[in-house]
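> Produce the entire structure from the sequences given, and follow the hints as far as they go.
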Amino acid sequence: MKMTIIAAAAIALVGSFGSAIAAGDAAAGKAKFAVCAGCHGPTGAGNEPLKYPKLAGMDEAYAAQQLRDFKSGKRNTPMAATMKAMTAGLSDADMDNLGAYIATLK
0 MKMTIIAAAA
10 IALVGSFGSA
20 IAAGDAAAGK
30 AKFAVCAGCH
40 GPTGAGNEPL
50 KYPKLAGMDE
60 AYAAQQLRDF
70 KSGKRNTPMA
80 ATMKAMTAGL
90 SDADMDNLGA
100 YIATLK
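Taken in order, the sequence shown gives residues 0 to 105; the numbers are from numbering that gives the first Met the number 0.
In short, the hints are calculated from the structure, not lab data. Hints are supplied without guarantee of correctness; some may be wrong.
[Stated by the list, open to error] Computed cross-link-like contacts, EDC-like style, restricted to lysine to aspartate or glutamate with a CA-CA straight-line distance of at most 16 Å:
{"hint": "1", "residue 1": "Lys105", "residue 2": "Asp93"}
{"hint": "2", "residue 1": "Lys73", "residue 2": "Asp24"}
{"hint": "3", "residue 1": "Lys29", "residue 2": "Asp68"}
{"hint": "4", "residue 1": "Lys105", "residue 2": "Asp58"}
{"hint": "5", "residue 1": "Lys70", "residue 2": "Asp93"}
{"hint": "6", "residue 1": "Lys73", "residue 2": "Asp58"}
{"hint": "7", "residue 1": "Lys70", "residue 2": "Glu47"}
{"hint": "8", "residue 1": "Lys31", "residue 2": "Asp93"}
This one's a predicted model, so the numbers in the text were calculated from it and none came from an experiment.
Next comes the structure, spelled out in structure tokens:
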């Protein structure tokens with residue numbers, strides 16, 4: 000019984016460190032978002048007439064993963080070629096930071 004409790008505590012502790020490490024820096028993401036704002040709008044509200052989707056309110060991890068999927072070519076949408084080019088120069092940290100900033104947009 001004690002071993003089960005110790006194992007559960009250890010897993011929870013490791014999990015909390017992992018999420019803290021993966022969290023992006025919203026301030027750094029805000030600086031990078033200036034390029035995104037050209038299509039998605041300065042508040043991330045999107046630009047529906049031009050079919051640029053809303054980003055505001057998106058979950059941090061989800062946003063960062065979508066950027067990774069565009070960069071790798073895994074995500075194939077009508078705008079995939081454009082987004083692949085836009086993400087080509089982003090590092091993993093840049094994508095985490097953008098995800099953190101996008102998550103602050105309401």
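> Hint by hint, note whether the structure agrees.
Now for the hints, and whether the structure bears them out:
no.: 1; hint: Lys105 to Asp93; in the structure: violated (21 Å)
no.: 2; hint: Lys73 to Asp24; in the structure: violated (25 Å)
no.: 3; hint: Lys29 to Asp68; in the structure: violated (21 Å)
no.: 4; hint: Lys105 to Asp58; in the structure: holds (11 Å)
no.: 5; hint: Lys70 to Asp93; in the structure: holds (12 Å)
no.: 6; hint: Lys73 to Asp58; in the structure: violated (19 Å)
no.: 7; hint: Lys70 to Glu47; in the structure: violated (23 Å)
no.: 8; hint: Lys31 to Asp93; in the structure: holds (8 Å)
Violated hints, in rising order: 1, 2, 3, 6 and 7; the structure is consistent with all others.
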